[in-house]
Structures are given as structure tokens and as C-alpha cells.
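Engineer: So you can see what is in the structure, the chains are spelled out below.
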Amino acid sequence: MGSQNSTKHLTSLGVAEASAGLAAGRFTSVDLTKAFLERIERLDGALHAFLRTTPAEALEAASGADRARADGDSRPLLGIPLAIKDVLMTSGIETTAGSRILEGFVPPYSATAVNKLKAAGTIVLGKTNTDEFAMGSSTENSGYGPTRNPWDLERVPGGSSGGSAAAVAADEAPAALGTDTGGSVRQPAAFCGIVGLKPSYGRVSRYGLIAYGSSLDQIGPITKSVADAALLLEAVAGVDPYDSTTMPVDVPDFSAALTGEISGMRIGIPHEYFVEGIQPEVEAAVRASIEQFASLGAETVPIHLPNTELALPVYYLVVTAEASANLARFDGIRFGLSVDGDTVFDHFRQTRGAGFGSEVKRRIMLGTYALSAGYYDAYYLKAQQVRTLIKQDFDNAFTDVDVILSPTSPTTAFRIGEKVDDPLAMILTDIFTTSANLAGLCGISIPCGFDDGGLPIGLQLLGPSLGEEKILRAAHAYEQSTEWRLRRPEL
Amino acid sequence: MTQEYNVVVGMEVHAQLLTNTKMFCRCSADYQGAPPNTHTCPVCLGLPGALPVSNRAAVEATIRTGLALNCEIAETAVFARKNYHYPDLPKGYQISQYELPLCRNGWVEIELPDGSVKRIRIHRAHLEEDTGKNTHAGLHTLVDLNRAGMPLLEVVTEADIASADEAYAFLTKLRSVLRYLGVNSGNMEEGALRCEPNISVRTPEQAARGELGAKVEVKNLNSLRAVRNAIAYEAERQAGVLNAGGVIEQVNMGWDEDRQRTVLQRSKESSEDYRYFPEPDLPPLVVDRQWVEETARTLPELPDAKEQRYRQDWSLRPADTGAITGEKAVADYFEAAVAAYGQEDGKPQRMANWITDELFRLLYADGEGQDLRQIAATRVQPQQLAALVQMVDARKINANTGKKVLELMYGSGDDPQTVVKREGLAMVSNTDVIDAAVQEAFDSNPDELARYRSGEKKLFGFFMGQMMRATKGKADPQAARQRLQEMLDG
Ligand SMILES: [Zn+2]
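Chains as they are written, first to last, in this note's numbering: chain A, 161 to 651; chain B, 69 to 558.
So that you can see chain A by itself, here it is in the shape it has in the complex (with noise of 0.2 Å):
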């Protein structure tokens, strides 16, 4: 009893109180490494979190965690195990990008991101599930079968990141990788009750991630609390020869920017964003947070943001255009599922069609169309110059206000199975968030309350390039004022 007692604890800490706990003594990376693999074992049959853990390499990396403490190494991030989303390449174990045509894909290389955790001391405990290629928002797109919603087993998690934001709500994980192309880290998370933060494009280096849209894609935390959001970010973040589009910034003290103080911060409220059909009570509980910030001595501003309404289309033009290409690489030449044809031509078409699942096929021909000739001015080239209408939105936004608060998704997390026949539905869980990636801002999902079934409400905030600390500040005072983060999910 006491044994399951500590193991319980354990696997209820977050980054920062484990680090300290690691730090006093209290237990060993190994313990803390155990307690997260027993609860996988014993939970994920159900939630389906993960595709694969890795025991033995974890258990190995811990005790080497542990040794490196004892000869006096302290780094913050020393023995903390993480989760990391399957679309990142990790050198020897298995990446599929939750995708059947990368089934038994050991990659001989690992993401920048990855790398960058592991120099820092972390663990990996295992990859966790998203939808394939991270093509999805309730990662019932995966080849190998949907994750669950921690706080209600008949309900998605949100995605792509699902799984990330499963494993780290139901404790299974103190934080995990997730990535965010339009709303990836930031949906599920909200769906989970949880932090996600999506950094500005060029903070972290994509290098290793597989490619869904090259001009959207960001990795960011998933985690307990905007402070270990701070503290992963500060691991990952930096310019990276391996990756043109990285910023040549120096990466700041984000746990520095958590001070507590936003009086005289200037919030927006975006008109746009508070439009019909949003779930009453997101709406009601974003509202009340609006009034939070305000006693925090924050200014609270509306504000206009007049393309709103048209971040979704072009979103859809511009990913599906983007992975067109990328995606084209998954011929079976190289790697990966391989399905014998007539002609080399009809032996890509034999594996492409037997390996991807029919999301990515639909997004494949949706952006391919995008790009045909006759048809390129209309679709890709007029989204692209919508997209910087967008930018110019938020850049006027900007320089009136600090942050952006809006819902992160007008939803709490619908039913498995709900909007699976309905892609258009579906997409529209994305309306708040795509804005972020088209202009290239960051921004934080945070936990703002509950609707009337128990499941978790999430806020967004979003700042401009490179503008995490303020957006860091502002969640975590807000964090820090509520409750909302001490309710768990029963399991």
C-alpha cells in the first residue's frame, strides 16, 4: 500500500517538482522513471497514449541520471522522464508518425529537439500517438488506433498531439513533446486540461520533425504548469545549423519571465473570436477569465483582428500544399512500407495507397490540386498573399496590446467517433488556433475551467514572434490565481 502510495505521488508531479524532489534526494530518476512506466502498464491498455515505450533504455538512462547526480551534476532537467510525440525521429527506436507506412521505421537519427532533452539529462519514456502525420484534431486518425480522453474514455483527447496531452493529463508522463501546425499542441491540451505552448515559428528547431506543413510547424511542451512549459521551452529553444528557419536569437530565461506581476499588461480581446457557435460554456468560462486577468491589474482591450474568418481556408490551402511535397518522399524506395508494382510508378502508388490512411490521401489531393497548373494563382499563391493580410492583423494587434486572449477551441473535447464522417467539422475545432501558425506568433494553452459534463475548458494566449515571455507571464499569474490546474482526471 505505501509502495503504490509514493508511486502514485510520484506520477503526480510535474517537471519542477520532480526536478526538486530529485534534487533533495527524495527519490531516485529511477524511482520517478519506475513509477511513470508501472502507471503506463497499468493505464494505457486503456487510454492508448503511447505506441511504444522504451523500459529498458529509460530504466538504463535513469540509473545513468542517478549516477551523474551523485558525482554532483544538477542540472534542472537531470532524470526526468518525457514522452515525445511520435512524429519525432528518435535515433533507434521506432518512428512511424502514428502512420502505417512507417510501420517498423527505426530512424538512424535523432530530432534536434530530442537531442537537445537528452543533453539536458531527460528520459524518454516511450513515443506517444497522434494522428497520422499529424493530420487530425482528436488523433482518431492514427494507423494504429485512437487515444482516449484521460478525463472520459468515450471522448478524443484532442490532436494531433493526443497522445502527449493524454499521457501527461493522466499522468503518465511529468510533460511530453507535442507538435502544433494549427493548433496541435494547444487543442489537446485544452481537451486534457493541461499547458501546451506552441513557440514562435523559428524558436525551435524542426530538424527531425517529419515535416506535416513546413511553414507551420513548431514543437512545444505539453505539460502540469506554464513553469515546466518555461522550463522545457528554455531545453529545446535556439538557433540550429540544421535548420535555415530557426532564429538566430539567444534563447532567454523563460522561468525568469514567470514573476507573477501583470499589472499594466495590455490584454486583447479579439471581436472575431467571440463568434456564435462557440459551446456556451467556453465562451462563459473564457469570459470569467477575462475578468481574472482584469483583478490581476491586467488591461483588458478589445481588438479587432478583420481576417479572421479566413485563417481557416487558407490554413487548409497552405498545409495540404506543403505536405504534398512532403509527403512525397514516403515511396517505399528507402525506408518504410514497401508494396511490389508492375512499373516503378505502380509501385508507388501501391504503397502509397496501402500505407497512408485516407485523411492524408484526402490532404495529399487536396494540396496537390492546390499546386496544379490552372489552378495555382487561385488556391496556393491567393492564400499565401491572404496569409499575410493575417500577419498584418496581428502585427497591428501587436502594437497595441502585449498578448491575445481568446478560447483555444470552441469546444470541449467531443465524442470518439462524433466527427469522423464530417472532416469539415472536424477542422473547425482549429478556428482559434490556425491564426498563430500562419503568422508565425506564439501562443499557450492553459486549463480555464470546466463545462457542466466535468471536462477541462481551455484559454489561449497568443504573442507576437518571439514574444514567449510575455505569454508565459501572463498564463502563469493566471495560473497561479486559480484552481484549475488541482483538478485531475479520476482513472
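These are calculated hints, taken from the structure and not from any lab test. Please read these numbers as outputs of a predicted model, since none were measured by experiment. Be aware that one or more of the hints could be misleading.
Quick list of in silico lysine-lysine cross-link-like pairs, DSSO-like style, CA-CA up to 27 Å [to be verified]:
1) Lys489(B) <-> Lys540(B)
2) Lys464(B) <-> Lys540(B)
3) Lys150(B) <-> Lys542(A)
4) Lys579(A) <-> Lys521(A)
5) Lys415(B) <-> Lys472(B)
6) Lys150(B) <-> Lys521(A)
Following the hints, position chain B with the ligand against chain A.
Structural biologist: The following block gives chain B with the ligand in isolation, referenced to the frame of chain A:
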């Protein structure tokens, strides 16, 4: 009655840039002879998650080339994805440049047989990555990705080329410029320089109306000569088809070197849609004007400028300037030799003669074949050749002996003085020796002497030869001629 046709040719030339590493990864570019797929990494294998990072040296080589081809250098160039599936194309797209290439609107000058100069306009020159190589082995195709991701410069001309000879002259000049710049080996056999001409024919009436015939693109041309032959063949074939009442179809042909004819290639789907779009993994390439100016300042003197200088400053004959400036190695050798020899009194022309007549003959006769760049490796240093020609000028040896000495120098690398001394080849102008040789010639040929003296003056040459033989060719021809004349008439 057969109709006359004008030939219209445009060219696409691909040149592998001589960089240390590949275009978008840091794999070594020195893959020739390496086992398949050993010069690869996640980037050039197109593994999931890998990203390209531009090679600055390749960008600079392209700017250098653009400047040398009189192009405008873009302030912003944009890489674009060219989408198509093929086993040797790892990512399923090639990173190239499309709407915003690095270089545009240039020109190259070629000399026509009548001595006039013609400009071939360059439409664009841009940077892209090479594909891998497929090898067909029985039922299987093997893919080697060592070449995948090598930096490739693509030069596209306007359809300004009007004959196979002009195409030959253009390619020769372009290759020469690329070699001067040190950006490309010019090796067509190994595929480091690849040329795809598109060829059409039209009647003068069509030309007057600005109409073009259907274009046929020819691939698989592995030498300059193949390019010339293929264009000549294809132009004639098309004229033949038209004269027989047929029509020319817009197709891709391959060159069959053995049979010296073009053959239809069916491999490529017609009018493929490459769905170009800007490469999101690479920010636009902003080309700093200072960088361009600096690059322009460090351009070497190019063949055209050299030719002009040789003609103006040294009065070199046009026929020789081309032979010398075509290869930078030859021009470098020539200039070093002239520096040692002197620029006055037609000396550069004399040196040019020695190089293009004598040294070239030795180079050609050598096992290395036709490649005049071997001149850089010859054992005869330019200073040694200058010393040799000076000995001829100073009549220490005669010109024929000089050629023999050069041959010996070519084999040994010895100084001409050493060779002359060792072989006892110094010229004889001593009157006593010459007189003795003349006398010997008279004594051995009394009949001829009598015939000469009775008026058969053409026997002078006979005695000259006899006399030279007696001195083993070392006699100073001028002194010998004078003494022979005096003694014959005396
Ligand atoms: Zn490489």
C-alpha cells in the same frame, strides 16, 4: 525541289559545381569512385524530418558564373520545390529555383567562321540539386544516392543558336568560362557537364513571321562532338521529314553514339506538371550587393578579355589566341612563358607558335590524349621553354635542333642548356668547321658539283642538305648557306 530550312537551337546546360560539400547537406562532394550510397546522410537520403541548409560556396559559384555570363544577379532568389516521383529523387521533389532564379539576362559571345562575333543570350542561370543515379541490373533497378544533392548550375539560353557549329562554339566557350572560374570540371564524359539542346527547324518565311517549329529535345550527349553531331543529324532529319510531307512531333530523343543518330525516348510523360512552389524550408536568398561587387572584383580575366589583350598588346594572330585562351591552363602557361621570354619584337607570337605547334604536338601524342589542361603538369616549365626559344634566337642552336631539344626536355624535365650540352647539339657557326663540311660535300659529290657549276642551280638545296648532314644538323643555317654559296660560286 526541296525546301531550305533554318535551324533554331536553345540549350539547357547542367554543370556540377566544384564545391567541397553537397548543396543542402555537408556530405563530401568527392564521391567519384566511392561505393554506392556511402556519401549520404539523412538530408540527401531524404529521410523524414531532415531539412536542407544552403551551401554558401555553391551560391557564390553561381553568382561568379552569372557575372561571367553577363547576367543580372537577383537581389532575392527563391528556392522552389519541383515535384515529381522517381526512384533517384529521394524527397519526391527537387529543390531548384523557379520564378526567382539567381541570374538572368546574360550573354556569351562566340566567333563565327567569317570572323564576326555573335551573341548567344542567356535566359537564366540558377542553382539546384542533382539527383541520384539509377542502374538497371536485370529485372531490378539499383539506386545510388552519392550524387543526390550535389550542387548543380543550370544555364538556359535563348533560342539564338542557328547551327550545330554555333552550338559547338557556344558550349566550348561556356565550358571554357566555367573552367576559368574554377566552378566546374567541364567533364562531359563523366556527366559533370550535361547539355540538352532543343532543336527545331523552320522555313525562312516562318522565320520572317516569327514562327517556330516543333521542338525536339536531345539527351544523352557525352561530348562536345556528340552535341554537334546530334544537332546536325536532328536538323537534317527534321528537314527530311518535312520535305517528305510529314510533321515534327514535340518529343524527347536520345543520342545513339554508336549509330550516330537520335532515337525516340518514351520515358518521360509529356507536359508534366511539376507544381513548383517556394521551398518553405529555406528562407529567400537575399543577395547582398556588397557580396556581388566583391565577387565581381575577384573574377579572373576571362577568355574573351584575354584574347583581346593578346591581340591588342602582343599582336597575336587571331588563329592562335583562341587556341591559347580556350583553356585557362594553356593561357597561364603561355603568359608565364612570355613573362620569362619577353614581350617585345613579336616575341609573344613566336612563343605562341612554339606552344601551339610544338608543345601541343607533344601533349597530343602523350597517352593523356586531347586534354590540353595537361600542360599544367608537363615537365617543361614555362621558364625552360622561354630559355629554349632564347637559345634559338641567339643562334646557339637552330630551330630544328630546338624542336628536338624540346622533345628531350619533355621527357626529362631538364633545362635546355643541359640537354644541348649533353647531346652535343650546340650550333656550329665556326667558319673552319663549316668550310670543312662544304668541302666534304663537294668531295663526295663531284658530279653534282659539276652540274651545278654548269648551271643547274637548283642543286643548291642538295648541297645544303649534304652539308647539314655532315654537321649532324648543327650548322648555323644562315652561316652555312652563305659559305656554301661562296664556295659553289668561288
Ligand atoms: Zn548528405
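Engineer: Each hint should be assessed against the structure and marked as holding or not.
Structural biologist: Here is how each hint holds up against the structure:
no., hint, verdict
1, Lys489(B) <-> Lys540(B), "15 Å, holds"
2, Lys464(B) <-> Lys540(B), "15 Å, holds"
3, Lys150(B) <-> Lys542(A), "20 Å, holds"
4, Lys579(A) <-> Lys521(A), "18 Å, holds"
5, Lys415(B) <-> Lys472(B), "21 Å, holds"
6, Lys150(B) <-> Lys521(A), "20 Å, holds"
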